[in-house]
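Start from the sequences and build out the full structure, keeping to the hints where you can.
Residue numbers (this note's numbering), protein chains in the order written: chain A, 1 to 359; chain B, 360 to 556.
Simulated from the structure, these hints should not be mistaken for laboratory data.
Be aware that a few hints might be false.
[As the list claims (entries may be wrong)] One-sided excerpt, in silico: chain B residues whose CB lies under 7 Å from chain A:
1. Tyr376
2. Ser412
3. Ile438
4. Ala529
We put the CB at the ideal spot given by N, CA and C, even for glycine.
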Amino acid sequence: MPLDQRIWLLVSLKLSGEATPEELAQLDQLMAQDSSLKDELQMLTAIWNARHAGLGVNKDEAWLRHLNRLHRPEPVSQPVPQATAKRVKPWQWMTAAAVVFICFAGIKYLSNSNGYTLGKQASHTYKTRSGQRMKLQLPDGTAVWLNVGSRLTYTGNFKSDTREVLLSGEAFFDVAADKNRPFVIHTSTIDLRVLGTAFNVRSYEEEKETEAALVRGAVEVTLRNDPGKKIILKPKEKIVVNSGKIDSAAYTLTGPKSSEESPLIVLSKIRYWGRDSSNNLESAWVKNQLMFDKENLESIAGKIERWYNVQVIIADSRLNDANYTGLFENEKLEEVLEALRLTGGFHYTIEGNTVTINR
Amino acid sequence: MQQENHIKDLQLRIALYEDIKAYNALYLLLFDGLHRFAYTIVKSSEVAEEIVSDAFVKLWQIRNTINKIENLRVYLYVITKNFALNHHAQKNKMQLVQLDHLEVEAVMEFNSPENLYISNEIIRKIQTAIRQLPPQCRIIFQLVKEDGMRYKEVAAILGLSVLTVRNQLAIAVRKVTEALPPQYKTLFQFHDRFSPS
Chain A
1 MPLDQRIWLL VSLKLSGEAT PEELAQLDQL MAQDSSLKDE LQMLTAIWNA
51 RHAGLGVNKD EAWLRHLNRL HRPEPVSQPV PQATAKRVKP WQWMTAAAVV
101 FICFAGIKYL SNSNGYTLGK QASHTYKTRS GQRMKLQLPD GTAVWLNVGS
151 RLTYTGNFKS DTREVLLSGE AFFDVAADKN RPFVIHTSTI DLRVLGTAFN
201 VRSYEEEKET EAALVRGAVE VTLRNDPGKK IILKPKEKIV VNSGKIDSAA
251 YTLTGPKSSE ESPLIVLSKI RYWGRDSSNN LESAWVKNQL MFDKENLESI
301 AGKIERWYNV QVIIADSRLN DANYTGLFEN EKLEEVLEAL RLTGGFHYTI
351 EGNTVTINR
Chain B
360 MQQENHIKDL QLRIALYEDI KAYNALYLLL FDGLHRFAYT IVKSSEVAEE
410 IVSDAFVKLW QIRNTINKIE NLRVYLYVIT KNFALNHHAQ KNKMQLVQLD
460 HLEVEAVMEF NSPENLYISN EIIRKIQTAI RQLPPQCRII FQLVKEDGMR
510 YKEVAAILGL SVLTVRNQLA IAVRKVTEAL PPQYKTLFQF HDRFSPS
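Printed below as a string of C-alpha cells:
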C-alpha cells in the first residue's frame, strides 16, 4: 500500500477509534517526522468530534406521535390520516341519513390463538350502521364501498409485505394492482387473496351465507376452517359459502363459531341484466340499487332492515314460501314495500321504524 | 462500551417486563441516529420519523423475543434501512434498490467545534466535499462519525465487509481533508514529502 493511502487509513482508524495499538504507534511515528502534521490531525479531530446539530425534530414530541401510532386511540371526529374516507353526497344514497364513519381501536379483534392475526400495529376501522353506506380509499389506492351495517378493519399503513383487511358485512373492492403485495380479505368463513381486481364480498354475521363475486381479475379463496382447500375464482364467477351459522350469536373475528362443520360451497356465475355488462346483481348496491334475486321474504327483510335502517317483522312465517326478484334504484321504503305487496299479496304497516308484514 | 451496556439493559427490560419506560428510553436514545439514517434515504424529515416509528412498532410487536437479538442497535438500523428502501421503491414505483445506487442526502450540518474557530466558508466546503462522496461512502462516514458506529456494525447494517467500510472511511476522511484550505492541508501534502513514489 502506498504510504499516502496508509496515512489516510491510519488517520481514519484513529478518528473512528478502530485503530490497534500498533497502528496508533505507527501514526505517532509518522507524525514525529513532521510536527505540523500533529496540528493538522488535531484540527481534523476537532472537526470529527463536532457533533451534528440534529434535524430539529423534538424527540419527546416524536415519541408522543410514535405512541399514537402504536396504540392509536382513534380520533372520532377526524379521519385517519393514512386513509381518505370520502363523504359521499347525501343525494347519492337512498336514505337521507348522512354517511358517517366511526373509527375506533380495533386491537381487541386482532389477535387470537388459532386463527390469523393482523399484528398489534395501529388499526383503522370503518363502520357503517344500518342505512349508511360509504366509499373509502385505502392508503394503497384500493377503493372500497362499504355497504350498510358493515365493518372494515385494517392495520398499519399498508407499507408492509401484505395488505390485509378484516371484513364483516358487505363490501365491494376495487383493488389497486400491486404484483408484489397480495391483498387479503379475512371474513369469518373465508379468506380471499387477490392481486388487482374488482369484486364483491358479502359476509354478514347474521346471515348463513358468505359470498364473493368477482367482476374482473383473479381471486384465491381459502376456507377458514379448511385452509388446505383453495378455490380460484375466475371473472364473472361467484362463490357462496354456507357456514351453517344458523345461530348468529355474537360473532368474533377469531373465526367461525361452528368450525367443526364443513361449509357448503356453491360456485356459480355472476348474473347480469340489461345491455350493460357492468350491471351485475351482486354489486348493484354500489350503484345505489337495492336488489332481490329470487329471495324469500326473510332474506329481503334483512336487506330492507339494513338499507333503510328499520326493523321488519314478518308476522306470518308462511309468507316466506314465495321468492321475489326485483331491482330498486333510489326508491323510498314505501315504494319498495308497495311493489312487494303487489307481487306477494300481503299487507304491511309502517309505524315509526318498524315495518310489520302480515297476510 | 457504556452505551452498548445501556442498550443491553434496556433490551432486557423490554423483553422480560414489557417495560414501556425502557422502550421510551431506547427510542429517545436512538431516535436522532435512526432518523438521520432514514432521512439520508427518504429525504423527508416527516417520512423519516414515520419510518423510525414503524421500526419501533415492529420492535414492540416482537418484544418478547428481542433478548435473542445480539446487537439491538444494529437490528434497528437494519429494519430502518429496509423500511426506508421500501418507501423509496414504492414512491418511485420501482424494484428495491441498493443503497449504493441511491442518491442519498447526507446530513452534515456541522457546528463549529468549540475551542476552534472554523469559518462558515470552511464548513461549507467540508459539507460540499461530503456531498460529493459516493452515496455508500457518505453513509459510512455518517454512521461512523455521527452515530459512533464500529466498523463491524456499519458492515452488518449495510451488508458490506469490514474491509470495505475501513477503506471507504479512509477515502471519506481524505476527501474531507482535501476540502480544507491550504494552511490546513499539511496532512494532504504529506505524501509529497515522504512518499518514495
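Task: Per-residue hint verdict: isoleucine 438 of chain B, partner chain A, C-beta under 7 Å - done: Nearest chain A Cβ about 11 Å off; hint violated.
Task: Evaluation of the interface hint that places tyrosine 376 of chain B against chain A, nearest CB under 7 Å - done: violated (17 Å)
TODO: Classify the hint on alanine 529 of chain B as holds or violated, based on whether any CB of chain A lies nearer than 7 Å to its CB.
DONE: holds (4 Å)
TODO: Could you check if serine 412 of chain B really has its C-beta closer than 7 Å to a C-beta on chain A?
DONE: Hint holds; serine 412 of chain B Cβ to chain A Cβ min 4 Å, cut 7 Å.
Violated hints, listed in ascending order, are 1 and 3; each of the other numbered hints is respected by the structure.
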